[in-house]
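Chains as they are written, first to last, in our numbering: chain A, 1 to 500; chain B, 1001 to 1500.
None of these hints come from the bench; they were simulated from the model.
Errors might be hidden in some of the hints.
[Stated by the list, open to error] Label pairs and their in silico Cβ distance ranges:
#1 B:1011 / A:301: 54 to 60 Å
#2 B:1194 / A:442: 50 to 56 Å
#3 B:1352 / A:460: 36 to 42 Å
#4 B:1395 / A:60: 57 to 63 Å
#5 A:460 / B:1406: 46 to 52 Å
#6 B:1392 / A:246: 53 to 59 Å
#7 A:408 / B:1459: 56 to 62 Å
#8 A:111 / B:1011: 57 to 63 Å
[Claimed, not checked] With a straight-line cut-off of 30 Å between C-alpha atoms, the simulated BS3-like cross-links for lysine-lysine are:
#9 B:1346 / A:16
#10 B:1426 / A:346
#11 B:1209 / A:346
#12 B:1016 / A:426
#13 B:1126 / B:1016
#14 A:419 / B:1486
#15 B:1426 / B:1486
#16 A:209 / A:419
#17 A:372 / A:326
#18 A:346 / B:1372
#19 B:1372 / B:1329
#20 A:126 / A:209
#21 A:209 / A:326
#22 A:126 / A:16
#23 B:1209 / B:1346
#24 A:11 / B:1346
#25 B:1209 / B:1126
#26 A:346 / B:1011
#27 A:126 / A:11
#28 B:1011 / B:1206
Where is the CB? At the ideal position from N, CA and C, for every residue including glycine.
Each chain, written out:
Protein chains: 2
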Amino acid sequence: MAKPRKTPRPKAETPKGFRDYFGAEVTERAEMLETIAGVYRRYGFEALESPAVETLEALGKYLPDVDRPHAGVFAWAEDEEEGKGDWLALRYDLTAPLARVYAQHRQELPTPYRRYAMGPVWRNEKPGPGRYRQFYQCDADTVGAGSVAADAEICAMLADTLEAVGIPRGDYVVRVNNRKVLNGVLEVMGLADEEQRAAVLRTIDKFDKVGEAGVRELLGKGRLDASGAYIDGVGLSPEQADPVVAFLTSRGETAEATLANLAAAVGESAVGAEGVDELHQIAELLEAQGYGPDRIVIDPSVVRGLGYYTGPVYEAELTFEILDDKGRKRQFGSVAGGGRYDDLVKRFTGQAVPATGVSIGVDRLLAALRDKGRIGQGAAAGPVVVTVMDRDRMADYLSMASELRAAGVRAEVYLGNPKNFGNQMKYADRRGAPVAVIEGEDERARGVVQLKDLILGAQIAESATLEEWKERPSQVEVPRGDLVAKVREMLSAHGLGPAE
Amino acid sequence: MAKPRKTPRPKAETPKGFRDYFGAEVTERAEMLETIAGVYRRYGFEALESPAVETLEALGKYLPDVDRPHAGVFAWAEDEEEGKGDWLALRYDLTAPLARVYAQHRQELPTPYRRYAMGPVWRNEKPGPGRYRQFYQCDADTVGAGSVAADAEICAMLADTLEAVGIPRGDYVVRVNNRKVLNGVLEVMGLADEEQRAAVLRTIDKFDKVGEAGVRELLGKGRLDASGAYIDGVGLSPEQADPVVAFLTSRGETAEATLANLAAAVGESAVGAEGVDELHQIAELLEAQGYGPDRIVIDPSVVRGLGYYTGPVYEAELTFEILDDKGRKRQFGSVAGGGRYDDLVKRFTGQAVPATGVSIGVDRLLAALRDKGRIGQGAAAGPVVVTVMDRDRMADYLSMASELRAAGVRAEVYLGNPKNFGNQMKYADRRGAPVAVIEGEDERARGVVQLKDLILGAQIAESATLEEWKERPSQVEVPRGDLVAKVREMLSAHGLGPAE
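Throw the hints in and build the complete structure from the sequences for me.
Quick look at the structure:
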C-alpha cells in the first residue's frame, strides 16, 4: 500500500474571539443563573429554551440586495449549494427568538406571556479585549401586557434579583425613564424633520459619556472629541437645545420633584404628558410594594436604549466603586437594562403586541461579585486527593475516596503514574486539594493513614516561624477508621463544608 | 415620500429539525444536569465549557477534496468571501472539543485531567420523529490516565449518577466489555486482512439487533433482512465464526465464569489476555468499593462502540419495562455509553494520550423518569394568580403577589385586559394556577379576599356529587391579613410546597 501523504496537524486553538471556561468559571455562572431563575419563577415567569439556530429570515438580519447576509451574525445557507434552501444563523440575542416563538405558538401560550431565557448568543464582530463572539444573556420579558404594571413588575424583579445574587441594598439602583417623555420634548421643540429627530436621539445616547456641556455642543455646532476628531453638530440654536437639556437634567430630590420638572419640560404635548403619567404610575406601584428610591428611582438621565424602546426604559447600576485598569476609582456601572418595545411580533403577524423586558449582563455581574469577594471562595476548593503508594492496592485507595464521597466530601484517587511521589503532590497542588491522604506499606501494617493539610502547609511555608511550624503540624496520623471524620474536621477548620 | 415596497412577512417557524422547549421541559432538564454535575464534582471532575463554535480543522471533519465540508456538521467560511479564512462549525459532540482543549491547555491543566461538560451539540442530519438537529450531551472524561482504575471509576460514577437522578438500584445495570478481548478473538481466528476485520467489527455491532443467529448468517453467507434486502456476508466458514459467537455469548452466572469463558475464547493471544486481565481488574476494583453485579456486570454482549473504542467499553441500561408505541412491553434500554479511546489528542500533538469517558443521553433519561412518573409533578405547578377586579387598585394586587412571593410562593398579577373576568379565569387555568385570589370592591370594603382552589375546583367539576360539592367548597373567604397563611395551607393540602 502506498504511504498516505501526511496531512498537517490541525492547530489546537479556539476560533478567534471564542474562549474556554474552566471549573469555577462555569459553576459560579451556573449557580448565579439558577438563583436568577428562582426569582424569575417566583414572579410567575416560565422558562423558554429556543434553539441556537434560527432562520435568518426570522432573525430579521437578511438584506435582500446582497448574496451573503451582512456582518454581525454567523450565517450559512442550509443546502450544500448556496442559494438553495433557507439561510440559517446563530441567534445574536434572545429577543428576536422570543418574537418568533411568540408568533409561532401564540395560540397555545397564555397572554400575557411571561418568559425567561438564559443562554449563549453569538455575534460575528471583531473581538477585542474582554469582548467575545459568544457570551451569555439572561432575559425576562412580558409579552402581551400593555399596562405599565408590567414594567413596574420587571423593575421590582430586577431589584430582587440583584439582592438574591449577593448585591446588598444600597450597592445598586434601578433607574427608570420613559421614551414618551422624550417624544413629548421633541414635539414641543417643533422638530418635525425625521432626520433631525434621529440626530437628536443619537446625541442623547451620548449624554452618559459627554455630559451636559458635551450634549449642548453636539446639539449645536459640533464638538472636538477626545481623539481630536471633529463631530458635526445637529445645528440647533442654544434655545432650541434647552428643552432637551432640561429633560436630561430634570431629576429632583424626590420622585414628585422629578415628575414636576418633566411635566414642565413636555409642556402641552399629549404624548409627553402620557409618558410623565406612566412614570408617575410606575413610581406609585413600586412605592406601594415597598420599593422606595433607595432601590428604584425615576431618573431622566438614563438614556441607554432610548432610541430603541417605545415606552418606559430601565437600567440597573452598581453604585459601589472599583479600581479601573489604571488604579483609578470609578463606579462599577450598568449590569442590566431593558424597556418597552411594542412592535416585537408585528413583523410576523402584522398585529402590534406590547412587550417589555430586561436583559442582565451575567458576566459583568459575575465580575462585580468576584471584585467584591462575594464569590470565588469555597466553590474553587479542589477535591481531597488520595495518593497511590502501592499500585497493587488501588482498590483500597478507591474505597477511601468512595467513603469520603459518601460523606459528601469531594475526593479522588491520583490516577497518573504513581512512581514519583513528588509528582503526586504537585498534582494535588495544581488541583487545589485541601488535604492529601497517604497510606504506604508501613501505615497499612499499623492500620493508620497520614493526612496532609495542604492549605495549612501552604500558609506555614509562606509565613510561619519554626515554633509555629512545630505547634501546628500540617500532617497528622489517624487510625484508618477515623479517615472520614478527621478529613471533615480538617476541612471545616478551613471553612470548607461538604460538597454541595 | 414614496411608499416603500412591502417586504413579505417572515415565517414564524423554527428551522427544520429544531424545536423550542417550554417551562418544565427546561427546568426539569436543568435540575437533572445540576444533580449529575453534583455527582461528577464529588468524584473530582471539573466543569469545562468550550464554545459552540470550533474551527472545522479542529473538529476533524474537513475533507480536503471538496469545497464545502461534507454533511453532518453545520459549517461556514469565516470570511464573507468564501475560501478566505478558516471554516468554522458547530460542535457535533463534546469529545472533539475536549481533544482540542486538552491539546491547547495541557501545560496548565492537571494530568490526569478529569472534566465534565454539558450542553447542546448540533448535527446537520435529516431530522426524524423525536430526532432533532440540536440536542443535549452530558459527558465525563478522564484524560491522561492509562490505568483501568479510571474506567472502573467512571462505571461507579455512572451507577451513582443514575441513582442520584432517581433510578433505583435494580432498575438499571452498567455493563462492561473490552475491545482488546475482541482483538484477541480476531487474532486467534487468524484474520489478518484489514478489510475482513473491519467487516467482522461492523457485523458485531449488529448483534444487539439481529441476535446470535443473525450474526452467524452475517459472518457467513449473508442475510435477508426484515425489509427484504439481502445483506452480503463476511464469508467466513461456520467454524471460523465460532470464536466471535463464543465471545459475544460468553457471559456466565458470575464474573469469574464470564472471565473464564473469555480467557478460553482468546486462547494464546497476548492482547486478548491483556483485555481479559483488564476486565478482571475492573471487576475487582468495583467489587472492593461495593459495586456488585446488581449494579455493574462484565458482559461481552455489549457491542455498541466496540469498533470505535480501544479498550474497556461500558453502557448503562434501564432494565424496567415500558410500553412502546404499539402498546408492547419492552425494556427501556440504553441511556449512557462510553469507553477508552487512546488516540484522542494525537491528531494535534503527535503524542498518544490515554483517555476514557462516558456520555449520558440526558433527554432519554428524562423520558424514562417521566415515564415512571418520577418527575413532572410539582415542578409543573403554575403560580398563584391574583386577579384584577378594579384596574385602579393595581398597587394593592401587586402587593398581594409581592407578599406571597416573600413567603416563597410563586405568584403573579393578571396583567392582561381585566375587563372580562372569565378571561382571567381562563388565563389562570392555562397557567396551571393552583389558586386564584379575588378582591373586588365589596371584599375590600369588608377587609377580606376570596381564594379559589382551582385544583379542587377541577376535581369537583370532574367527579363530585352535589353533596360533596357543598361539603368541600372550592372557594373560601378569609381576612386580607390571612391571605398568605391560607394560600400556603391550600397549597400544602395539594402537596405543593413553597417555590424552590
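Okay, the hints, checked on the actual structure:
no., hint, result
1, B:1011 / A:301: 54 to 60 Å, "41 Å, violated"
2, B:1194 / A:442: 50 to 56 Å, "52 Å, holds"
3, B:1352 / A:460: 36 to 42 Å, "40 Å, holds"
4, B:1395 / A:60: 57 to 63 Å, "37 Å, violated"
5, A:460 / B:1406: 46 to 52 Å, "47 Å, holds"
6, B:1392 / A:246: 53 to 59 Å, "31 Å, violated"
7, A:408 / B:1459: 56 to 62 Å, "41 Å, violated"
8, A:111 / B:1011: 57 to 63 Å, "21 Å, violated"
9, B:1346 / A:16, "23 Å, holds"
10, B:1426 / A:346, "25 Å, holds"
11, B:1209 / A:346, "51 Å, violated"
12, B:1016 / A:426, "51 Å, violated"
13, B:1126 / B:1016, "9 Å, holds"
14, A:419 / B:1486, "66 Å, violated"
15, B:1426 / B:1486, "23 Å, holds"
16, A:209 / A:419, "61 Å, violated"
17, A:372 / A:326, "18 Å, holds"
18, A:346 / B:1372, "42 Å, violated"
19, B:1372 / B:1329, "14 Å, holds"
20, A:126 / A:209, "23 Å, holds"
21, A:209 / A:326, "18 Å, holds"
22, A:126 / A:16, "9 Å, holds"
23, B:1209 / B:1346, "34 Å, violated"
24, A:11 / B:1346, "12 Å, holds"
25, B:1209 / B:1126, "22 Å, holds"
26, A:346 / B:1011, "12 Å, holds"
27, A:126 / A:11, "21 Å, holds"
28, B:1011 / B:1206, "42 Å, violated"
The structure is inconsistent with the numbered hints 1, 4, 6, 7, 8, 11, 12, 14, 16, 18, 23, 28, although it conforms to all the rest.
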